[in-house]
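*Asks:* In case you want the letters, here they are:
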Amino acid sequence: MKMFEKPLTRGLAVLAVAGVLAGVCLWGIFGFLRSSVPTVDFSKTAGPVNLRVQTVAALGFGPHPTWVSYLVKDPAGAWVHSTIWQLPADRQINVTVEEYDSGGALRNNLWGGITGTLDSQAAINGQSTAVVDPSAGNGIAHTFNVPDLGLNVPLYGISSKAKNPCSAAPCSTSSDHNTITFSFHTPPGAGNYRWQCFIPCGLSYLYGNGGPMGAIGFMSGFLKVVPA
Amino acid sequence: MAAATERRDGIRILGVWLVLSAIFMPIVYFVWGPHLPPGGMSDQAAGQRFDNRVLGVVATPVVLLVCTFLVYALLFWRQTGEEIEDGPYITNKVKFSGWWVGLTTFTVLCLAVFGTYELENNNGAGTGSGPRPIFAASGPMLPVQVIAQQWRFTFRYPTYGGMETTSLMIPQNEEIQFNVTSLDVIHSFWAYQLGVKADANPGVNNIAFVKALHTGKFNILCAELCGLWHGAMTANGQVMSQASFDSWATQTEAQEAPVTKLLPKYSTVYSPDEAGAGGNYYGSQYPVNP
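Going line by line, the protein sequences match chains A and B. One point on numbering: in this note's numbering, the residue at position 204 of the first sequence is 204, and numbering is uninterrupted. One point on numbering: in this note's numbering, the residue at position 244 of the second sequence is 472, and numbering is uninterrupted.
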């Protein structure tokens, strides 16, 4: 151990050890902080992209099994717990939402209007409409809203007295649900477009906007539009 | 000898400072001033720009004194010997200290009076000072309600059937009364180029005024940290000619009629509940909520 008797060598050794320790700490911290929500890539799809999504009342797995959430079916056909979807630019996106959650009132009824879709309409269980009245029928369970694209689609909820509700995701269509379909066009340029639900569905959290509403991967996410 | 050197240094610094101030103060006011934020898109923005010009002119001699002193010290008070020694203690400078404290206090108090006056007249009308603002614009005006919620702004026009939009359109050369409120937490409505920045508090109608002088687009941001998407809580605004605004408003009112029917009756504040935006949203089943 004679080599460590020299001050320079000893200093370098201390620096090296300190560097390694700092690196391990930073790796751990940033690894913990980094979002683990996977990006589901639809940009390789030719022609119109068919996006199949479901909204569930309780995810049923992971660290927050009781939280409401969106899920998406990847191009291989598997349901993925993700709200970051990569889409090709300048392309028609056909969205089918399987909605398994019960409905209620909106905080702002403006979000009952459908905007930004190809014909400013959406179909609920096959029936086209431009407006969903949140105080009628089962009410609205969630909304799909992309502010920078002017896109807003309210998702009509199932009855709170549904006999066969889905209890854990991914839900099967044999459970009570509504099917909402609409189409929109992605912008010609690349960009990240945030989207969120405008129903304060984070129940038991402050103003209903904590928990799943304040976490990417549940009730908000990004449309990552990339060049086709 | 030392006293004479000190006096010489003092006179030199004072002289350079006075010359630089005489040069830069007009430059700040007349050359840089017209380009200071937030610009001149509205009466209130132009007023705030005037305030920034005044503050800039007042700050100029202060900055120059500090810079002159630093540069002079670097040039003439360099340590020449090998050893670093502390300089002599400064004592018996009560008169100098008195002038220094007195002048700076006077400057700050004058700015406080100026700022308060400016805030409470037309130049500060865009700040919003509650439901009964100290300064209120007079004459005919267009009321526009700004509704904040996590995480978007929407805008309601009570004189156009109570329609609500996601972009803010206002006419040129007409006094606008913004009624700013929130449906959940505290936000802040900041229309930067208009010189309008008013807090959006739940259950409070915060009134701000603006008169746009020029047509064009402006940016709206939330200026109060309000949660995950605070940074993305933006909206677009546009000042239009009166004719264009009338046309837009009439067309939008008709187009939005099916959605407007769903909205609660226009009110200066809202308390959303399970049945919509009209009661107390949070019942006893959510004890953690206010």
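If you're looking for bench data, these hints aren't it; they were derived computationally from the structure. Wrong hints could be hidden among the right ones.
Just some of the chain B residues that point at chain A, by a computed CB distance under 10 Å [unchecked claim]:
id, residue
1, Lys321
2, Arg384
3, Pro399
4, Leu449
5, Leu453
6, Leu456
7, Tyr498
25 Å max Cα-Cα, derived SDA-like pairs, lysine to any residue [claimed, not checked]:
id, chain 1, residue 1, chain 2, residue 2
8, A, Lys224, B, Glu481
9, B, Lys323, B, Phe342
10, B, Lys493, A, Val131
11, B, Lys489, A, Lys224
12, B, Lys489, A, Gly137
13, B, Lys489, A, His185
We put the beta carbon where it would ideally sit given N, CA and C, even for glycine.
*Asks:* Are the hints correct? Go through all of them and say.
*Replies:* How the hints compare with the structure:
Below 10 Å, beta-carbon pairs count as interface contacts, and Lys321(B) has none with chain A, the closest being about 47 Å; its hint is therefore violated. Using the Cβ-Cβ criterion of 10 Å, the hint placing Arg384(B) at the interface with chain A is satisfied: the shortest such distance is roughly 9 Å. Residue-level restraint check for Pro399(B) is violated (minimum Cβ-Cβ distance to chain A is 22 Å; threshold 10 Å). Because the beta carbon of Leu449(B) sits about 13 Å from the nearest beta carbon in chain A, more than 10 Å, this interface hint is broken.
With its C-beta approaching chain A no nearer than about 13 Å, Leu453(B) sits outside the 10 Å limit, and its interface hint is violated. At its closest, the beta carbon of Leu456(B) sits 4 Å from a beta carbon of chain A; the interface hint therefore holds under the 10 Å criterion. Residue-level restraint check for Tyr498(B) holds (minimum Cβ-Cβ distance to chain A is 8 Å; threshold 10 Å). About 33 Å separates the Cα atoms of Lys224(A) and Glu481(B), which puts this hinted pair outside 25 Å; it is violated.
Under the criterion of a C-alpha separation no larger than 25 Å, the hint pairing Lys323(B) with Phe342(B) is inconsistent with the structure, at around 28 Å. For the proposed pair Lys493(B) and Val131(A), the alpha carbon gap of about 18 Å is at most 25 Å, so the pair holds. Restraint check: the Cα-Cα separation between Lys489(B) and Lys224(A) comes to about 35 Å, which exceeds 25 Å; the hinted pair is violated. With a C-alpha separation of about 17 Å, the suggested pair Lys489(B) and Gly137(A) falls inside the 25 Å cut-off, and the hint holds.
Of the supplied pair hints, the one linking Lys489(B) and His185(A) is violated, its CA atoms being roughly 28 Å apart against a limit of 25 Å.
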